[in-house]
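**Q** Take a look at the letters that make up each chain.
2 protein chains.
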Amino acid sequence: MTHAVILAGGWGERLWPMSTRSRPKQLLRLAGGESLVRSTLARIAPLVSVGGTLVLTGSSVRDAVAAELPGVPAHRIVAEPAGRNTAPAIALAAHLLVREDPAAVMVVLPADHVIADDRAFRDAVTLAVGAALSERGLLTLGVRPTRPETEYGYIETGPESAVPGVFAVERFTEKPDAASAETFLARGRHLWNSGIFVWRADRFLEDVKSALPAVDAALSGFPSAPGDDRFESDVRTYYDSVPSVSVDYGIMEQAKGVYVVPATFGWDDVGAWSALERIWGGPGSGGAVRGDAVLIDSARCIVYAEDGVAAVVGLSDVVVVHTAGATLVCPKGRARDVRRVVEELKRRGAIGS
Amino acid sequence: MTHAVILAGGWGERLWPMSTRSRPKQLLRLAGGESLVRSTLARIAPLVSVGGTLVLTGSSVRDAVAAELPGVPAHRIVAEPAGRNTAPAIALAAHLLVREDPAAVMVVLPADHVIADDRAFRDAVTLAVGAALSERGLLTLGVRPTRPETEYGYIETGPESAVPGVFAVERFTEKPDAASAETFLARGRHLWNSGIFVWRADRFLEDVKSALPAVDAALSGFPSAPGDDRFESDVRTYYDSVPSVSVDYGIMEQAKGVYVVPATFGWDDVGAWSALERIWGGPGSGGAVRGDAVLIDSARCIVYAEDGVAAVVGLSDVVVVHTAGATLVCPKGRARDVRRVVEELKRRGAIGS
Chain A
1 MTHAVILAGG WGERLWPMST RSRPKQLLRL AGGESLVRST LARIAPLVSV
51 GGTLVLTGSS VRDAVAAELP GVPAHRIVAE PAGRNTAPAI ALAAHLLVRE
101 DPAAVMVVLP ADHVIADDRA FRDAVTLAVG AALSERGLLT LGVRPTRPET
151 EYGYIETGPE SAVPGVFAVE RFTEKPDAAS AETFLARGRH LWNSGIFVWR
201 ADRFLEDVKS ALPAVDAALS GFPSAPGDDR FESDVRTYYD SVPSVSVDYG
251 IMEQAKGVYV VPATFGWDDV GAWSALERIW GGPGSGGAVR GDAVLIDSAR
301 CIVYAEDGVA AVVGLSDVVV VHTAGATLVC PKGRARDVRR VVEELKRRGA
351 IGS
Chain B
354 MTHAVILAGG WGERLWPMST RSRPKQLLRL AGGESLVRST LARIAPLVSV
404 GGTLVLTGSS VRDAVAAELP GVPAHRIVAE PAGRNTAPAI ALAAHLLVRE
454 DPAAVMVVLP ADHVIADDRA FRDAVTLAVG AALSERGLLT LGVRPTRPET
504 EYGYIETGPE SAVPGVFAVE RFTEKPDAAS AETFLARGRH LWNSGIFVWR
554 ADRFLEDVKS ALPAVDAALS GFPSAPGDDR FESDVRTYYD SVPSVSVDYG
604 IMEQAKGVYV VPATFGWDDV GAWSALERIW GGPGSGGAVR GDAVLIDSAR
654 CIVYAEDGVA AVVGLSDVVV VHTAGATLVC PKGRARDVRR VVEELKRRGA
704 IGS
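Keeping their order, the protein sequence lines are chains A and B. Each residue of the first sequence is one higher than the one before, starting from 1 at the first, in our numbering. Each residue of the second sequence is one higher than the one before, starting from 354 at the first, in our numbering.
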């Protein structure tokens, strides 16, 4: 049986102030009529039992996430008491799923990505599920790079596996410098790591056992299942004892039998304001405007105005955001540094950490 | 008797969105604890009878202006039914004052200026009142230029008059080009026209009669006094029939016996956002911040945040304004073009004209 595991933690700090702690990125309707988290489930729904989905999210937004996922039983929407990055969250999901279904295959889905072609996405997942079963592989979906992005992880592809369309992974490179990213783009052998993973839960837990013994130990002290009385307290104990580590760094980079399915669907993780130009503006538009904006002698700006007017005079290639509670201005090329604003606001106590 | 005539029309469009139609510039506390209009009256009060003051303002803000001027009888705060620039407003005030006091001297004061030294201001006015009486002159206060401003009117000074410290006016130049402004600044014979005028009401009405016959004709059909039943309807009829014309263009530029008192007090008309750097930032500060701002790798910015946060990343020499209802961003050098934003918002019906 194939199960969806939706990772809906974090709140998308680099999209502040459109996304905030109480209105995180995954609850925004960035790409159209539905929130990102709702689209994430709808996209995978034809391949899985929606009722068997597990969702890991933050405690402050758990109820809002639940409201977006009416088909998922409330007790399967797990509030993480603290952020511990992806490896502990995925390991907990694997632990819970394998006890429900020893042959469970899990599809790990970040809840805050925009995917343009749902059918192509499901074709790629289906291919990955096949390889997860036939090869007992750890599968990741890889995205053909379209720019020398330095904020992503890159996958160098090796030879095609026994399963056509599935390739061995030679090497992971996390956030390369600009020169390396240019080389990767030019060589054509590298893919972006989408963060969408497919594997048998039991296979993944074997890797956790060898690579992340502290996580493995914490899981062995986790007897309850979602809906049990002590489940919440087990979750708390678990998150108190596991280290914070990404699945890429903690598992994938050293594991054997790691494969990639090159994706053909349009993908964007909407990692920063600059992404909205791609999503809202369309190709070659040179800018994107949402809401009530006035632009005078300004070109190629990304402008978002909510509950009011955003006016830009004589500035080009900038991001300008208005919400009732905040204004953000930065050059498009500095969009990633919005996290420094959020850090400063946390330091002042204006945003909880 | 000396009378204050306060011109409190307009709303300071170039300070949008800090100033708005319902919260005009003259009601803002730009320079400290008091609103600009309240400071305007307090500054002149020792030289005039406050109860004899006349105020001309817009109908949408009349009550708010009245609340700031508790010593001025309500019926002496005249709501202009339409903006007709300064000449018709001052002519109406002169007409009303001369009937109350045939020897009335009027001190015309824009309500939206910041003046640093009240005592030096009153000394200059006192000198001007003397020349208005002894020379029957039209007096203006001139401000020593500190930059080649192209948005102001310039006064070329001639020889000193019979009254020491009072100079003949050779020529007015309205909004010179940049090269002329540089020349004026270098030559040292030019002063900025502050828009603060002093003259006998009867002398001014003689000039209205010869230079603006349509205004003179409209005044002859204005029989009532402030507080009379038909006063409001007379005001409406008057504003319906007068042309829109500035006192500089309509009267001063062709009148004889025009004099200037060079002012020694610090003066700013807070004409645009760039002025706030001078008023808030102090000399040489290279920027000014009011409210809750986060600046990352940004220098010499003018930032105003009201009811929220204004965050600027990687931009220098820009104006960034946040209010709950609007965001404004522009380079400091484009601050005057904020009026183009206001024009566009009027065109969309978002701001009344």
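Heads up, a few of these hints could be off.
As the list claims (entries may be wrong) - Derived pair list, reagent style EDC-like, types lysine to aspartate or glutamate, alpha-carbon separation capped at 20 Å:
1) B/K685 with A/D297
2) A/K346 with B/D650
3) A/K332 with B/D670
4) B/K528 with B/E502
5) A/K346 with B/E513
6) B/K609 with B/E502
Said to hold, decoys possible - Heads up, incomplete: computed chain B residues facing chain A, CB under 8 Å, no partners named:
7) G639
8) G640
9) V642
10) G644
11) V662
12) A663
13) G667
14) S669
15) V673
16) H675
17) R687
18) D690
19) V691
20) V694
21) E697
22) G702
To be verified - Listed next, the stretches of chain B that the computed footprint assigns to chain A, with coverage defined by at least 3 CB atoms under 8 Å from CB atoms of chain A:
23) 454-462
24) 646-659
I should point out that these hints are in silico values taken from the structure, not numbers from a laboratory. By construction, the Cβ of each residue, glycine as well, lies at the ideal position given by its N, Cα and C atoms.
**Q** So, for every hint listed, does it hold in this structure?
**A** These are the hints, each one checked on the structure:
1. B/K685 with A/D297: holds, 14 Å
2. A/K346 with B/D650: holds, 18 Å
3. A/K332 with B/D670: Holds, at roughly 17 Å.
4. B/K528 with B/E502: holds, 8 Å
5. A/K346 with B/E513: violated, 63 Å
6. B/K609 with B/E502: violated, 27 Å
7. G639: violated, 18 Å
8. G640: Constraint on B/G640 not satisfied, violated at 14 Å.
9. V642: violated, 13 Å
10. G644: violated, 10 Å
11. V662: holds, 4 Å
12. A663: Hint on B/A663: holds, closest Cβ of chain A at ~5 Å, below 8 Å.
13. G667: With a minimum Cβ separation of about 4 Å from chain A (threshold 8 Å), the hint on B/G667 holds.
14. S669: B/S669 check fails; min Cβ-Cβ to chain A is 11 Å, beyond 8 Å.
15. V673: Because about 5 Å separates B/V673 from the closest Cβ in chain A, which is inside the 8 Å limit, the hint holds.
16. H675: holds, 4 Å
17. R687: holds, 4 Å
18. D690: holds, 5 Å
19. V691: holds, 7 Å
20. V694: Hint holds; B/V694 Cβ to chain A Cβ min 4 Å, cut 8 Å.
21. E697: holds, 5 Å
22. G702: violated, 12 Å
23. 454-462: Violated, because only 0 residues of the region 454-462 of chain B bring their Cβ atoms closer than 8 Å to Cβ atoms of chain A.
24. 646-659: holds (count 4)
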